[in-house]
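A.B. asks: Below are the chains, spelled out letter by letter.
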Amino acid sequence: MKKTILSGNEAIARGAFEAGVKVASAYPGTPSTEILENVANYPGIDAAWAPNEKVALEVGIGACFGGARALVTMKHVGLNVAADPLFTLSYIGVRGGLVLVVADDPEMHSSQDEQDSRNYAKFAKVPMLEPGDSEEARAFTRLAYEISEKFDTPVLVRTTTRISHGKSIVFPAEPVQGLPEPNLVRDPAKFVMLPANARRRHPLVEKRMLDLAQWSCEQPFNRIEEGKGEVGVITAGISYQYAKEILPDAHILKLGMVHPLPKDLIRSFAARCSTLYVIEELDPFLEEQIQAMGIRVIGKELFPICGELTPGRVQASLEGRETVLSQSTEASLPNRPPNMCPGCSHRGVFYELKRLGAFVTGDIGCYTLAALPPLSAMDSCVCMGAGISNATGLSKVLPPEQRQKVVGVMGDSTFLHTGINSLMDMVYAQAQATVVILDNRTTGMTGRQDNPGTGHSLTGAAAPAVDIETICRALGVRDIQVIDPYDLELTRQTLKDAMARPEPSVVIARRTCMLERRGAAERKLPLFVDADKCVSCKACLKLGCPAIEWNAEAGDKGKAVVNQLLCVGCGVCQQLCKFDALGVHNEK
Amino acid sequence: MKNKVTNILLAGVGGQGTLLASEVLSEALMLGGYDVKKSEIHGMSQRGGSVTSHVRFGSKVYSPLIPEGEADFLFGFELLETMRCLPMLRTGGTVVVNDLKIMPAPVAMGQEVYPADIPAKIASSFPDTVLVNGMDLAMQAGNVRTVNIALLGALSRRLDLAEQHWHQALTGQVPERFLAENLKAFELGRAV
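As you go down the protein sequences, you meet chains A and B in turn. Residues in the first sequence are numbered consecutively from 338, following the numbering used here. Residues in the second sequence are numbered consecutively from 17, following the numbering used here.
For the record, the hints were derived by calculation from the structure and aren't laboratory data. Mixed in with the good hints there might be a few duds.
No farther apart than 16 Å at their CA atoms in a straight line, the calculated lysine to aspartate or glutamate pairs in the EDC-like style are these [claimed, not checked]: (1) B:LYS76 <-> A:GLU472; (2) B:LYS20 <-> A:GLU472; (3) A:LYS875 <-> B:GLU128; (4) A:LYS339 <-> B:ASP51.
Derived list of chain B stretches under chain A, where covered just means 3 residues or more per stretch with a C-beta under 8 Å from a C-beta of chain A [unchecked claim]: (5) 41 to 49; (6) 145 to 156; (7) 167 to 175; (8) 183 to 193; (9) 199 to 208.
Glycine included, C-beta positions come from ideal geometry on N, C-alpha and C.
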């Protein structure tokens, strides 16, 4: 087939299609999201969003129990959520091949931590492949299904942001033929992990990893590239590309499988190098295991453990210099931080929470940006679902007058992800805290994916929509208010009442995301500033709306102006202006 | 000619079409027979935030990231973001930049000042600087949303790639109903 240029995520989707995958499940998470969006474009694959990563993996496991090949994808923090089924699946093994793709985010371009998922492969005792470009992403995904079925194991494929969102040339192949049709097979000794069965499976797991380590020594995905001289490098994934760039003459052992390690191959490679570097991002995962084999290598004593590698950082580390930033900036230039969109419905809610002096236990989503100035209206943010349960914990220990200030905030998709459990507990614990669900009818942060509340599936087909109010009621919340967050007075009063109430209360702030692709968001004519009425008080600037700009040159003290290209006419700023200086064009 | 890697750094603001331009660029280079790698960061709520995309091509490309200080071209969609990326450009490198200011939040809030005279500052360090009025060209092409492709046209004349590859890449990447105006914008840019 014709060569093409694909991102790592697109290439993984292609590999899964070629491997004959029948079911694909995921929760969106940067940088993994596009895998499932692309899988959905291939025929013969049932691709769907799951409410969270644990559910996604369990759906994949079910398909694999039926004898079908299944794909499950997530980002690194999502694997924490899915860890429970993963560890037991390691004991059970598979029927149809099961591949779990996990995308790490070194440098935390879009994440709350930069954990190294290779540790999960070791911890859960499952093999892990790591591609170094898009073509390997395709080929390794396809190969992972063969390994899964050959060694009776789930297989992890790990990417990092530069693989997931980097593009390079791919050579697509024809799909495999002749896979067995799914059917029911009863095998409780394998599928039912009662202690007695699990005890019998554990030795098989240990033997499997030894077999894999031996087998992988002979496989072309672990390869030696001959160089000149005495310097050798052991590396994998994107780090391989930096090593090739910076050390073109070195001998390279490029690992395609990063767990288990091909120890015999590593020993014979190490024996012919006088200096041996291990170049890897994040943890000293390869380094420690190779050191434990009694081989002296140079790794994290030179290369940074924090952040992603770049060619410049590898070069600087080798020369013993301070590592440079990938985008060294001139200190004098103003920063350009990300911001909630013009007309974003979350802005007014956070503005009022700030005015009420709320202590906001936040969560993961676009609205996490409310922690940045000028709103500065978020006091904690841990992980998905924690916004509500952190509020429960706080309210258990605080004196009454402070307890009233605690407000847990999360989005609709996050609520359906793990927020439901947290709210159930808040009611059960009889915590006196307020919960705000920012319901913008989509999963905004990752690019507007559908979720069980939107009424649409991944493919855009109609699907039953969860009713969040009814769920809250069923969980035992007695006080539920649904408000329009564009109405600041209503928002303030509702939040104030809810916070004063000595019981769990839920405020659902509902407005469609401004970027919603179905055009359901309401857009009006842009507003304008009447310069004669503007008294330069800067009240409107407190919203941090990208459409409101400060013109320091106007008048004596400067005046606000509305950027006509950006403003969507939501009218929130009008409610802040005591001097009626923000006008509507059609009223002029 | 093809044994050297050429590095192009794209810099702009989320929502400007920087990523689509880098898609078309990469596709055209692949069609021209080069090895191509591209790397970008998206995710978070990047609308309004800084966006950069690295594109590298040659007979064989390893790293998808441009080594610091080795960009041959800085392809800017906004003046401040272009200024910010100047340290990535090699001495004697080329700047193709859109003559446009977009206020970042701290400037819009009146806390910081947008730097003055950016085009002159860039040109004083990098004499090979081309200032393009992308908005003008896009309006001539009949759609203000074709600014990114007009700019790409201006860059294209400085790269060793036949026109047919650009047209083929545009045809593959741009929705059909917008293709005519995008091709027009590309031609107008290519004449700059």
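A.B. asks: Under a C-beta cut-off of less than 8 Å, do 3 or more residues of the stretch 41 to 49 of chain B approach chain A closely enough to confirm the stated coverage?
C.D. replies: holds (count 3)
A.B. asks: Three residues or more, CB to CB closer than 8 Å: is that satisfied between the stretch 183 to 193 of chain B and chain A?
C.D. replies: With 0 residues closer than 8 Å to chain A, the stretch 183 to 193 of chain B misses the three-residue bar; violated.
A.B. asks: Can the restraint linking LYS339 (chain A) and ASP51 (chain B) be considered satisfied, given a maximum Cα separation of 16 Å?
C.D. replies: holds, 14 Å
A.B. asks: The stretch 167 to 175 of chain B covered by chain A? Criterion: 3 or more residues, Cβ-Cβ distance below 8 Å.
C.D. replies: violated (count 0)
A.B. asks: When you check the alpha-carbon spacing of LYS875 (chain A) and GLU128 (chain B), does it fall within 16 Å?
C.D. replies: holds, 14 Å
A.B. asks: Check the hint pairing LYS76 (chain B) with GLU472 (chain A) against an upper bound of 16 Å on the C-alpha distance.
C.D. replies: holds, 14 Å
A.B. asks: When you check the alpha-carbon spacing of LYS20 (chain B) and GLU472 (chain A), does it fall within 16 Å?
C.D. replies: violated, 22 Å
A.B. asks: Examine the stretch 199 to 208 of chain B for residues whose CB is less than 8 Å from any CB of chain A, and state whether their number is three or more.
C.D. replies: violated (count 0)
A.B. asks: Are there at least three residues in the stretch 145 to 156 of chain B whose beta carbon sits under 8 Å from a beta carbon of chain A?
C.D. replies: Coverage by chain A is violated here, the residue count being 0 at a Cβ distance below 8 Å.
Hint check: violations occur at hints 2, 6, 7, 8, 9; the rest are consistent with the structure.
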